[in-house]
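2 protein chains.
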Amino acid sequence: MTLNAVLDRIDAQMPDATERLLDLLRIQSISTDPAYKADCDKAADWLVEDLKSIGVDASKRPTTGHPMVVGHAKGTGKHVLFYGHYDVQPVDPLDLWDTPPFEPSLEETDKGTVIRGRGASDDKGQLMTFVEACRAWVAVHGELPIKVSFFFEGEEESGSPSLVPYMKENAKELTTDIALICDTGLFSSAVPAITTQLRGMVTEEFTIKGAARDLHSGMYGGLAGNPIHVLSKIVADLHDETGAVTLDGFYDDVPELDDQTRSMWQNLAFDHADFLGEVGLSMPAGEQDRTPLEMIWSRPTCEVNGIWGGYIGDGFKTVLPADAHAKISFRLVGQQDPDKIHAAFKAHVESRLPDDFTVEFKPSRGAAASQMSTEDPAFEAAIGALSDEWPRNGSYIGCGGSIPIAGYFKDILGMDAMLIGFGKDDDQIHSPNEKYDMESFHKGTRSWARILHALSK
Amino acid sequence: MTLNAVLDRIDAQMPDATERLLDLLRIQSISTDPAYKADCDKAADWLVEDLKSIGVDASKRPTTGHPMVVGHAKGTGKHVLFYGHYDVQPVDPLDLWDTPPFEPSLEETDKGTVIRGRGASDDKGQLMTFVEACRAWVAVHGELPIKVSFFFEGEEESGSPSLVPYMKENAKELTTDIALICDTGLFSSAVPAITTQLRGMVTEEFTIKGAARDLHSGMYGGLAGNPIHVLSKIVADLHDETGAVTLDGFYDDVPELDDQTRSMWQNLAFDHADFLGEVGLSMPAGEQDRTPLEMIWSRPTCEVNGIWGGYIGDGFKTVLPADAHAKISFRLVGQQDPDKIHAAFKAHVESRLPDDFTVEFKPSRGAAASQMSTEDPAFEAAIGALSDEWPRNGSYIGCGGSIPIAGYFKDILGMDAMLIGFGKDDDQIHSPNEKYDMESFHKGTRSWARILHALSK
Chain W
475 MTLNAVLDRI DAQMPDATER LLDLLRIQSI STDPAYKADC DKAADWLVED
525 LKSIGVDASK RPTTGHPMVV GHAKGTGKHV LFYGHYDVQP VDPLDLWDTP
575 PFEPSLEETD KGTVIRGRGA SDDKGQLMTF VEACRAWVAV HGELPIKVSF
625 FFEGEEESGS PSLVPYMKEN AKELTTDIAL ICDTGLFSSA VPAITTQLRG
675 MVTEEFTIKG AARDLHSGMY GGLAGNPIHV LSKIVADLHD ETGAVTLDGF
725 YDDVPELDDQ TRSMWQNLAF DHADFLGEVG LSMPAGEQDR TPLEMIWSRP
775 TCEVNGIWGG YIGDGFKTVL PADAHAKISF RLVGQQDPDK IHAAFKAHVE
825 SRLPDDFTVE FKPSRGAAAS QMSTEDPAFE AAIGALSDEW PRNGSYIGCG
875 GSIPIAGYFK DILGMDAMLI GFGKDDDQIH SPNEKYDMES FHKGTRSWAR
925 ILHALSK
Chain L
475 MTLNAVLDRI DAQMPDATER LLDLLRIQSI STDPAYKADC DKAADWLVED
525 LKSIGVDASK RPTTGHPMVV GHAKGTGKHV LFYGHYDVQP VDPLDLWDTP
575 PFEPSLEETD KGTVIRGRGA SDDKGQLMTF VEACRAWVAV HGELPIKVSF
625 FFEGEEESGS PSLVPYMKEN AKELTTDIAL ICDTGLFSSA VPAITTQLRG
675 MVTEEFTIKG AARDLHSGMY GGLAGNPIHV LSKIVADLHD ETGAVTLDGF
725 YDDVPELDDQ TRSMWQNLAF DHADFLGEVG LSMPAGEQDR TPLEMIWSRP
775 TCEVNGIWGG YIGDGFKTVL PADAHAKISF RLVGQQDPDK IHAAFKAHVE
825 SRLPDDFTVE FKPSRGAAAS QMSTEDPAFE AAIGALSDEW PRNGSYIGCG
875 GSIPIAGYFK DILGMDAMLI GFGKDDDQIH SPNEKYDMES FHKGTRSWAR
925 ILHALSK
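So the sequences go chain by chain: W and L. Per my numbering, the very first residue in the first sequence carries number 475; after that it's consecutive. Per my numbering, the very first residue in the second sequence carries number 475; after that it's consecutive.
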């Protein structure tokens, strides 16, 4: 089956494809807010109908939360499962939106046409690139070049409470040769990417406790210990003067980059001055002997995400507080074990408690890093297909954040996943004025058409 | 003029004296709340009338805030100015009071009778000990044994905005041989005290700024600097491992105790285990080579009174905040200069700012420590008088907090002040269920009668 006719069909159907996306964007499927339960259901129904219209045997599957949409297309050859999510983030603060979040529109900008609205990029626009590619294949050839199944959830933005149980209960139906996940981004406008490593995370929240009540520093200051001082010392000691994390054994299970990845990343010529400059910074502040891309993709980190204690209102109160608090997160890589990191952190804190001080930990949460093996020839094929569509060659990249679904496919279904997406850094996902570039939507759709073709060979 | 008849008179008039105090306590003279302006005025009127009833030429003096009450009694010999304040703290949280704050009552407790109500100890009860002593002297002898002037303000609990201007404008009228201030406490139920040193204070509030906006730690973590880390290092570095403050030149103007004071303090046999034990602590946490009393009275301190930055709500947000904040106060002693301490602190912070970080300081506020010379024989006489009244000998003590009025008397009027009071640590001033022990009221009144007598010799 030829590819060019499919690409032409995509170009021709872009106006209709855009209308369909705008239709989906009008549905207020905010999963975290119970007030939008019916809207989430409506988005699932919309997808079922749309999949049916291209010959997919699709249906809505109930969960204790919002429904899943599962569908199977006819086809032969390699079997892929495409994952996306139809729910979106809340829209607050509403007054920062220039247009109503659920009245999507096309907007001409200096950088080209954008599709503006909540979910345009995360994840409805990305999800529809794949659906539109399939539609074009079916329109031109009557069928898809490989066997495709669809798996859409409606709780990604609210912690995916139903996802793991559903995957476990329906493992057989959902297991295919490889998963495709469209919830990531391009490396740059010119460079498409497959994300092959995602950092894991351990979160810690704890309280340092001193005196039984707040004390007046005029009466006790100098004699009674201050939990803010103890907390500050604990935090300050988390990094040494080279920027390395000091926890015992922290780097034990952290691998060095393999040569292929290192070489690909070097070719990306990441401009850290530009990346940092956009947020008013200039100097890489992490481990001094690491490159900027390593710092954000392949090195573990420790960040204090919140700290508080004592009087924090207007004016002054010379209080010696009874307690002080912090929220700390570790980004994990390689084989770092969340439980081991938690234990090392606990030991770090407890060894720094002076007499009379105690610590209370809230339950720690953790997830290991995900590292995709790129040995499956599908990776090489997909990189080739992406390279054909975009100005520059595709690259394997890392991601500093976590995308739990990739780990679930591996752990529950034993499947590798290819994370391919066309979002850009300035898409403002989770923020007011979210947008998706028309270029991302159009070339993203063409990219999937090429990938489906490449996987059929 | 004999003292014994005066003391007998005080004992006999205690029921009436108590009724008068309860009367004054019923007036809701909360100075910080404009809603109680008329009540403050009423308290001033009440005092003017009461002073007149004992032959004092007293009047209300308007200010831009609440009025002063100034009065002069006839008399010869040493001339003293007695200071007190008729305003009280707000009563919130009202639901923690066991009885209405402005319906004062006598209450029998395990430790004896207490007078319960807002202002019972701070400062209406303390103020009235002196007035009642004068009343008894006048009743018995027709006059006071020395020359006495009275100076009551109504803004002590709201920052005394009118005090310094009023003192400057009326310096001649207010200047006497020595001031008496009744706004401090006993060292213990058995040991009366004259407070001869008060710590000063410098307050600092500042913000460490990093990126132009909050960043997502998944995207930037490891590469972008974190202002909470910078702040924690600044705070952790304020003390060395011996508990000493590390600012350059911090201890330059800190005197050692003189031998008399050291010896008096040793005789107090301060039970730091008991003092700390009451608030759930056990170990002195200050400079390791100093005694507990030095730590709270005669050594300078540095305390973080508040710290905040990043996400401090429920749950977790993996934010890399744009800024982090702290409020820090230094308690000063001896000749420590607030401006020098502020400059040293600023240098401490600025020298610890990594590339890309800036700091913003709010205006610093400072007041030097007060150290009374005890060379005036009035001190020796007053200690003797206190020793005659209480189970154990009187002592010179320090105070870890600040009482600005003592500094004003020195700086504006060139007068030394004797800070003598009968409050106890458990009086709960500024808190719900404030009380004043009947013993403090009764023996406090007798103490002043003795001091007036001793100063006449």
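Derived by calculation from the structure, the hints in this document are not laboratory data. Being a predicted model, the structure only gives us computed values, none of them experimental. Take the hints with a grain of salt, since some may be wrong.
Because identical chains cannot be distinguished in the list, a pair is counted as satisfied if it fits within a single copy or across any two copies.
[To be verified] Derived DSBU-like pairs: lysine-lysine, alpha-carbon spacing no greater than 35 Å straight-line: (1) K534 x K814; (2) K791 x K585; (3) K526 x K931; (4) K820 x K552.
Status of each hint after checking the structure:
1. K534 x K814: Neither: 40 Å inside a copy, 72 Å across copies.
2. K791 x K585: Answer is between; shortest inter-copy Cα gap is 31 Å, intra-copy 51 Å.
3. K526 x K931: Close inside one copy (26 Å), not across copies (109 Å); limit 35 Å.
4. K820 x K552: neither (47 Å within a copy, 66 Å between copies)
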